[in-house]
Amino acid sequence: MDGMFTYGTADQGESENATLKARAGFGDILTQDGQDNTDRLDSNGSPSHAWRQKFAEEFDGLEEETRPAAEEDEREDGERAEASESDEEREESEEEGGNVNGASLARSDDPVRMFLREMSGTELLSREQEIALAQRIEAGRDAMLAGLCESPMSFAHLAQWKAALEQGQMPLRDVVELEAMAADASSEPEETEEGGGEAAPHATLDEKMKPEVLASFTAALDAFARLRALPPGGKEAMAERQEMVGLFGALRLRPARLDLLVAQVRETSRRLLALDGQALRLAVAARMEREDVLRLWDGSENGADALLVAAQKVRTSSARREAALRELAEKLPGIRAAIAKLEVESGLVAVQLRRVCAEVAQGERDMRKAKEELTRANLRLVVHIAKRYRNRGLMFGDLIQEGNIGLMRAVDKFDWRRGFKFATYATWWVRQAITRSLADQARTIRVPVHMTETVGKVARMSRRFAQKAGREPTPDELAAELGMSVDKVRAVQRLAREPVSLENPVGDDDDGRLGDFIEDENAVMPFDAAARSSMREATMRILSDLTPREERILRMRFGIGGENDHTLEEVGKTFNVTRERIRQIEAKALKKLQGSKRGKSLRSFLA
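The sequence shown lines up with residues -14 to 592 when you count with my numbering.
To be clear, the hints were calculated from the coordinates, so they are not data collected in a lab.
Take these hints with a grain of salt, some might be off.
As a list, the in silico DSS-like pairs of lysine-lysine whose alpha-carbon atoms are at most 25 Å apart [as the list claims (entries may be wrong)]: (1) 316 with 372; (2) 453 with 442; (3) 220 with 147; (4) 354 with 316; (5) 354 with 195; (6) 406 with 442; (7) 473 with 453; (8) 406 with 372; (9) 582 with 558; (10) 558 with 573; (11) 193 with 398; (12) 316 with 326; (13) 354 with 326.
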């Protein structure tokens, strides 16, 4: 959403979070400079004069001429917003960044401060304004669904999803908002696993709702089949269309599924517009008047023939025009064939396809704009709630970002008919989004959400006990107060310990690491290493007094110099003598060492 704060990263590996953060506007494909282009079609579905004029301007370079002015207006708006920073935002910014003066705050590039500065220029909404925006969201969504309902591509997807559900190839909750369909008419928010509330077991709810969901799919598909069989424009067709839109909306498709349907229409519209542009450029190159081209060309076979005949009647004669006319005659059938292929894929003729694309674009654009206004007006609520969760492991900017995601979910699910204000409803979603992100990201080692609540209970009880008794409680006392087993209390206390990084800086100059002060039980003490080195050197010196054979036998027998200990029999095999002879040589060598002067130097190492 434009203007939404997206500081930092959130791994939020969930697809719906990604959809909320990156949801793009479909209407930009068929619109320019934010203007409304629903007047592209006449009442009979043909391109109108306004649409032709807009189409012509795209190829006349007017977009390049108007862009500098638009950018200048945008810069002026940004400067006015920056100059209108309020004292309240300065206070909030100083709380986060320390004491800074107003000039440095205005020049700051900190994303948090920039977000707070922009937020300060948004006015709060009254109850009546909230209802009006919610109604605009509903109207835009209904218009978008009405356009999707006229596209055979949408119902081809519905048929595929229905078959996959019947065969058990995909979970029910991957296609529809299952909890929303099963929720009653209470005023509480839907307690879905997204928001962290208690939900019915997946398997139980899937089996319970599956017949009802499949029946809804069947009813929507049957209504579409009846509508296709009726002549367009009649009262019966209009009534059937209204019924089909209601059935389509009752399916409660997940946002990702609706985005898929809209993206398909968007891609089809892009391809059709590109083909129209090719025909326009070829005809203009053949010296046809732009107005005549837009009047004659509608993408149909008759339109292609009429365009070619009109191009041949142009009186201007030149070598370049003749070449352009030949190119038009060569390429126009290919363009028409590509449009015909697109008509087969979409199940609609070009004129109908343009109308469906325009309806979907307009509805999606109106819905998105109303959602953005409602979201912007409640950004202060997110900051207010996020302040309560500072210093718990996440930066303030990340808390605001997660709260904004919860706010966008609240906008999607808000029902103004229930009678409460939007802020009352959104508070739950914002708080749930922030607490869930803290549980998932604040700790180095993630703790499950249900254990996070238990850790909080134990910590609160420990503080209360310490305030009353003046000492820390024992695990037995905590277990008695909380009604838990002693083993569980001890496990929760171990779980509550925060891991500490060995790379944490230590000292006034941060020139040391915490790991430098932790004893390594496997490390060799310097004194022991020096003593072993001295003993090794002394051993080498006294062994040099022996003959090479005696030295080798002692090394093998006692594992001196890195060798393993060998038995008398193993040493005897090496020298091809008996084990008794090896024993005699060993005894003689040891006696020789005991009587030498160098042998006495080893006695100090045995003390």
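Hint by hint, here is what the structure shows:
1. 316 with 372: violated (63 Å)
2. 453 with 442: holds (17 Å)
3. 220 with 147: violated (30 Å)
4. 354 with 316: Since the Cα atoms of residue 354 and residue 316 sit roughly 40 Å apart, the hinted pair is violated (cutoff 25 Å).
5. 354 with 195: violated (34 Å)
6. 406 with 442: violated (31 Å)
7. 473 with 453: holds (23 Å)
8. 406 with 372: holds (22 Å)
9. 582 with 558: Roughly 33 Å separates the two Cα atoms, so the pair is violated.
10. 558 with 573: Status holds; Cα separation ~19 Å.
11. 193 with 398: OK: residue 193 and residue 398 at ~23 Å, within 25 Å.
12. 316 with 326: holds (15 Å)
13. 354 with 326: Violated, at about 34 Å.
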